[in-house]
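**Q** Sequence:
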Amino acid sequence: MSGLLRGDRQRAEDFAQETLVRAWLSTADQPPSWSPSRAWLIRVAHNLVIDWSRSERAHAEIQHEHTLEKHAELVDPMSEAVQRRFLVHALSRLSHPHREVLFYVYVLGCTGSDAASALGIPPGTVKSRTHHAIRELRRRHPQHAPAGA
Numbered sequence: 006m007s008g009l010l011r012g013d014r015q016r017a018e019d020f021a022q023e024t025l026v027r028a029w030l031s032t033a034d035q036p037p038s039w040s041p042s043r044a045w046l047i048r049v050a051h052n053l054v055i056d057w058s059r060s061e062r063a064h065a066e067i068q069h070e071h072t073l074e075k076h077a078e079l080v081d082p083m084s085e086a087v088q089r090r091f092l093v094h095a096l097s098r099l100s101h102p103h104r105e106v107l108f109y110v111y112v113l114g115c116t117g118s119d120a121a122s123a124l125g126i127p128p129g130t131v132k133s134r135t136h137h138a139i140r141e142l143r144r145r146h147p148q149h150a151p152a153g154a
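Residue numbering for the sequence shown follows my numbering, beginning at 6 and increasing consecutively.
Keep in mind the hints are simulated off the structure, nothing from the lab.
For each residue, glycine too, the CB sits at the ideal point set by N, CA and C.
Be a bit skeptical, because a hint or two may be false.
Using C-beta positions, here's what the derived DEER-type ranges look like [claimed, not checked]:
#, residue 1, residue 2, range
1, 92, 36, 39 to 49 angstroms
2, 55, 18, 16 to 26 angstroms
3, 23, 101, 16 to 26 angstroms
4, 37, 136, 31 to 41 angstroms
5, 128, 35, 30 to 40 angstroms
6, 38, 127, 35 to 45 angstroms
7, 137, 93, 30 to 40 angstroms
8, 137, 60, 13 to 23 angstroms
9, 37, 116, 20 to 30 angstroms
10, 37, 95, 35 to 45 angstroms
11, 145, 55, 30 to 40 angstroms
12, 15, 148, 14 to 24 angstroms
13, 118, 23, 33 to 43 angstroms
14, 144, 59, 20 to 30 angstroms
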C-alpha cells in the first residue's frame with residue numbers, strides 16, 4: 006500500500022478508516038466466536054487498494070510486489086485464533102499512539118515515512134514509537150519475544 010499512497014496522507018487515512026469500517030461491518034455476518042485475523046484485515050485493505058487503483062487508473066495493473074497479499078501468512082486455524090486473542094490483549098495494553106503506529110507499520114505495511122505522513126508526525130517519532138511499543142510488548146510478554154531479543 007505504501008508504494009501506491011506515497012505522500013498522500015489523506016488517502017492513506019481514508020484507506021485505514023475504510024478498512025476498519027468494512028472490517029467492522031462484515032463482522033456482523035460472522036458467528037459470535039469469530040474474530041478477524043491479521044491476514045483477513047490485510048485482505049480487506051488490499052481489496053480497497055485494488056478497487057481504488059482500478060477506478061483511478063483503469064489501464065494500470067497493480068504489480069504483485071505492491072500488493073499486501075504477499076505479507077499474509079498461512080497458519081493453522083487453531084494456532085491463529087490463540088495468537089490473535091493474545092495479540093489483541095497485548096495491544097490493548099499499549100497506549101493509543103503506540104497501537105496506531107504499529108497498525109500503520111505492521112498491518113497496513115506502510116514505510117516509516119508513509120506512516121509519519123499519514124499520522125502527521127515526524128519519521129523519527131514513528132521509529133521511536135515503534136521501538137518503544139515493541140520493547141514494551143517484549144517486556145510484558147518475554148515468553149513471546151524472539152530468542153536473543
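**Q** Determine for every hint whether it applies to the structure shown.
**A** So, going through the hints one by one against the coordinates:
| no. | hint | in the structure |
| --- | --- | --- |
| 1 | 92 to 36: 39 to 49 angstroms | 20 angstroms, violated |
| 2 | 55 to 18: 16 to 26 angstroms | 19 angstroms, holds |
| 3 | 23 to 101: 16 to 26 angstroms | 20 angstroms, holds |
| 4 | 37 to 136: 31 to 41 angstroms | 37 angstroms, holds |
| 5 | 128 to 35: 30 to 40 angstroms | 37 angstroms, holds |
| 6 | 38 to 127: 35 to 45 angstroms | 42 angstroms, holds |
| 7 | 137 to 93: 30 to 40 angstroms | 20 angstroms, violated |
| 8 | 137 to 60: 13 to 23 angstroms | 38 angstroms, violated |
| 9 | 37 to 116: 20 to 30 angstroms | 37 angstroms, violated |
| 10 | 37 to 95: 35 to 45 angstroms | 22 angstroms, violated |
| 11 | 145 to 55: 30 to 40 angstroms | 37 angstroms, holds |
| 12 | 15 to 148: 14 to 24 angstroms | 41 angstroms, violated |
| 13 | 118 to 23: 33 to 43 angstroms | 22 angstroms, violated |
| 14 | 144 to 59: 20 to 30 angstroms | 44 angstroms, violated |
The structure fails to meet hints 1, 7, 8, 9, 10, 12, 13 and 14 from the earlier list, while all remaining hints are met.
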